[in-house]
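Chains as they are written, first to last, in our numbering: chain A, 8 to 253; chain B, 8 to 253; chain C, 8 to 253; chain D, 8 to 253.
In case anyone wonders, no lab produced these hints; they're calculated from the structure. None of the values given here were measured: they were computed from a predicted structure. Glycine is no exception: its CB is placed at the ideal position from the N, C-alpha and C atoms. Misleading hints may appear alongside valid ones.
Which stretches of chain B does chain C cover? Using the computed rule of at least three CB atoms under 8 angstroms from a CB of chain C, they are [to be verified]:
{"#": "1", "region": "151-159"}
{"#": "2", "region": "216-227"}
Residues from chain D that face chain C, not an exhaustive set, calculated with beta carbons under 8 angstroms [claimed, not checked]:
{"#": "3", "residue": "145"}
{"#": "4", "residue": "148"}
{"#": "5", "residue": "155"}
{"#": "6", "residue": "229"}
{"#": "7", "residue": "232"}
Heads up, incomplete: computed chain C residues facing chain D, CB under 8 angstroms, no partners named [said to hold, decoys possible]:
{"#": "8", "residue": "54"}
{"#": "9", "residue": "62"}
{"#": "10", "residue": "116"}
There are 4 protein chains.
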Amino acid sequence: MARLCGLGMGREVAVADEREVAVAQARQGDDEARALVERLHDPARVLALTDGVFAIIITLLVLEVHVPELTGGHSLNEALAELRPSLVAFVISFILAGMYWVGHRDLFALIRRTDRGLVWLNILYLLPLCLLPFGAGMLGRYDQEPVALRIYGLVLVAIALMRVVIWLYATNRPHLLWQRLDDRQRRAGLAVNLIPGLVYLLAFLVARIAPGVSLLIYAAVPLLYFLSITVLRSGRQRNQEYADFT
Amino acid sequence: MARLCGLGMGREVAVADEREVAVAQARQGDDEARALVERLHDPARVLALTDGVFAIIITLLVLEVHVPELTGGHSLNEALAELRPSLVAFVISFILAGMYWVGHRDLFALIRRTDRGLVWLNILYLLPLCLLPFGAGMLGRYDQEPVALRIYGLVLVAIALMRVVIWLYATNRPHLLWQRLDDRQRRAGLAVNLIPGLVYLLAFLVARIAPGVSLLIYAAVPLLYFLSITVLRSGRQRNQEYADFT
Amino acid sequence: MARLCGLGMGREVAVADEREVAVAQARQGDDEARALVERLHDPARVLALTDGVFAIIITLLVLEVHVPELTGGHSLNEALAELRPSLVAFVISFILAGMYWVGHRDLFALIRRTDRGLVWLNILYLLPLCLLPFGAGMLGRYDQEPVALRIYGLVLVAIALMRVVIWLYATNRPHLLWQRLDDRQRRAGLAVNLIPGLVYLLAFLVARIAPGVSLLIYAAVPLLYFLSITVLRSGRQRNQEYADFT
Amino acid sequence: MARLCGLGMGREVAVADEREVAVAQARQGDDEARALVERLHDPARVLALTDGVFAIIITLLVLEVHVPELTGGHSLNEALAELRPSLVAFVISFILAGMYWVGHRDLFALIRRTDRGLVWLNILYLLPLCLLPFGAGMLGRYDQEPVALRIYGLVLVAIALMRVVIWLYATNRPHLLWQRLDDRQRRAGLAVNLIPGLVYLLAFLVARIAPGVSLLIYAAVPLLYFLSITVLRSGRQRNQEYADFT
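This is chain A alone, in the form it adopts within the complex (with noise of 0.2 angstroms):
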């Protein structure tokens, strides 16, 4: 038993891999080490912090929309003109962290187990995503500046690098997976994940000489997204692949 235990403990909490698991199995003679492996690589709590981060994320943009000053003149449009550019920084952010959730729920549907790597690489997307509040905020402040654009830029283009980054680590590890990927279905991935990230970069570089070319990528990408999944969804007979990562 406890020989069993530091078996459980020391190897399989780090590998996941399903032949050391039939090993251990075959040694240990019973169930136990398979049950031990797949409470250490559950997903359950990875998804708990993760939807929990979500949740606040979206809800705390709002908090960089403040009340204005009313004083009895003003008229409700010029309230809203006034709050104009923080509640489009508002959208847009709400938007395209609802399209990254979206995302995340897809790919952890073909995730069955995590392990060690995946654990901390999806922590370490989190970081990025925690400063779209702030990103929003400088945006809704400062949304002709280019180093407020910029700024914005790079926290979406470091979001874009870490979903490539866990995109590829997770469907290069079939024991992760429900099913093993092939390789047209991982290159369609790759593909959905690395574009808006070349498109953010484009509007991080076009900042300082063009910032409202770069504010109108910003808030194009969430309505191109939305063009893109209802044409794939009509064409889905032709590009299977594509329709499910959006």
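Start from chain A and add chains B, C and D according to the hints.
Same frame as chain A, but now just chains B, C and D:
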């Protein structure tokens, strides 16, 4: 296996259609296709995100109740009088958020599976909901100001609108439900979601000419809600289909 | 099927009465009626919302501990002395929130199903609970001021009141419980929920004439709580029914 | 039935001792006693609360990164230079919180049941953890100030202390665990929890005479952590019991 996966990820992901599942199963000859479909449409994380957002919203509402400046001469009544507008806005918004959460829980007790459309409609429902603390902040600070009352009304109308859209979307897709609803039930649920929206629209419209009436309407809805629950409870035998959507 | 649904949605939703379920089942002749009833009364989301609110409250408490202004001449002791009132309010409120959460967990370990009344009483219990960070903010800033001490007391009395109401409501409805409680157990639980409320009422009443005594009472309750747990643990053989409601 | 309940609520609640369960079961002659015991000791809500608190803490950390005042003449580098101290404090605290969460997840993968002591130790562990955003705020604002560095150190030492206490408490009670740990494993886990505490104590002690060294230690721990994971991974064969507590 890879072929199944290609199918599973390309088609079943976005469909949740009983017939397609049946076809896929017949083609694969095993239970894996169904397991994948169920995993991809599992509402669990949608509920986790939504419950998290509701928990944060009702807790953030209190951040708009600011610690007043107290001096030795202050009495409890004076302090409470100073806090009254923001406490009123807090209580109204808290009860409203509670009503929305109970409504969401009732709706999702009917829902067995989510599809991409429902997932996104739910996120777009959370968007105006996340503006509730901002609306409460305006209401608490400018409870006599038409503009503040109108912005609060806009937020509530947007929430009601999204509830109606989700209700129509979900109840129109029997493959997403545990049990098909008949037309009378669908109309009853529609009314329950639509009527508050119309009441808030009224409060929005009268805010400019009679701000006091507008505030009264916002305060009255929770009271009417509890009253109607009680009445419906005792008269449940006659109006069965209204009782559970309130 | 549609008929069952009509029944299920109109009547079973709000009842959770064993006899009605039995009648419905006899009428339908299958397990669907029971499945629907269980789904509609599942406490899972009530617990998810409540745990989320508790997690946020105990984390928001720290927002009332403000980073002090430091200058080169500041010593650690001076900084801590400056922070002392808000740290004291933080620790008291944190332990109180912990006690409330443990009490909620103990109560819901007895509860098998929720009905609409219990769901709403739970929400109305969260209302004064969400005012705890506000109360802690007042206490931390004006720890000598009678008004602040009385408002803190009002919040705690309201929480205790709601706990008593929920205890009476739930234990008076055996169909909501896993196991019926006998009268001695109900009285014991009532006492455990009522006594703190009376103590806080005392602290509220003495705040005007003796603010120091009032603060002392707030600080003493957590200490007495831990002491009573320890005493009850060693004397568990004699006072069985008190041990688990603390 | 009532008698069983009296037993279940008075004795089993606080014990979780296999032998007592066996006695109770023999006395009752059914599975209800065990079901009640398992429900009362279920770690689920402890994990829900803890994951919620961690999610909020890592998201609140960003609130200490304030949107800087930007003027037209500001370059990206200047803005980032201004943000650098608070970003450094954010990243250090974020990674530390991630390490604590991973450690909590690893520990509770070993824990099958909680008792009242473990539930309260977990709450008292969350107390200093909730002070982390406050500590990060001090570090970000006064990264050269000995007092701020010492307060940050105090928070980290308190967290490490609570981790050691929980480790000793849980691993000393085999009836709370899925599998008994042997002495070598208990010592290994103790070391993993104790050593960071000693390092932070060192950082606290040197803060007065060498603030730069203190800050360096705080920044180095996450780096050393990732380094040690990598080294331990490749040397897993030799140091099995260390690998999984890091």
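Here is how each hint holds up against the structure:
Note: the region 151-159 of chain B has 0 residues with beta-carbon separation from chain C under 8 angstroms; the three-residue rule is not met and the coverage is violated. Counting residues of the region 216-227 of chain B whose beta-carbon sits less than 8 angstroms from any beta-carbon of chain C gives 0, not enough to reach three: the coverage restraint is violated. The beta carbon of residue 145 of chain D is positioned within 8 angstroms of a beta carbon in chain C (closest approach about 5 angstroms), and the interface hint is therefore held. The interface hint given for residue 148 of chain D holds, since its Cβ lies 6 angstroms from the closest Cβ of chain C, which is under the 8 angstroms cut-off.
The closest approach between the C-beta of residue 155 of chain D and any C-beta of chain C is roughly 6 angstroms, which is under the 8 angstroms cut-off, so the hint is satisfied. Hint status for residue 229 of chain D: violated, given a least beta-carbon distance of 22 angstroms to chain C, over 8 angstroms. Because the beta carbon of residue 232 of chain D sits about 24 angstroms from the nearest beta carbon in chain C, more than 8 angstroms, this interface hint is broken. Hint status for residue 54 of chain C: holds, given a least beta-carbon distance of 6 angstroms to chain D, under 8 angstroms.
At about 3 angstroms, the closest approach between the beta carbon of residue 62 of chain C and any beta carbon in chain D falls short of 8 angstroms, and the interface hint on this residue holds. The closest approach between the C-beta of residue 116 of chain C and any C-beta of chain D is roughly 5 angstroms, which is under the 8 angstroms cut-off, so the hint is satisfied.
In the structure shown, a violation is registered for the earlier hints numbered 1, 2, 6 and 7, in ascending order.
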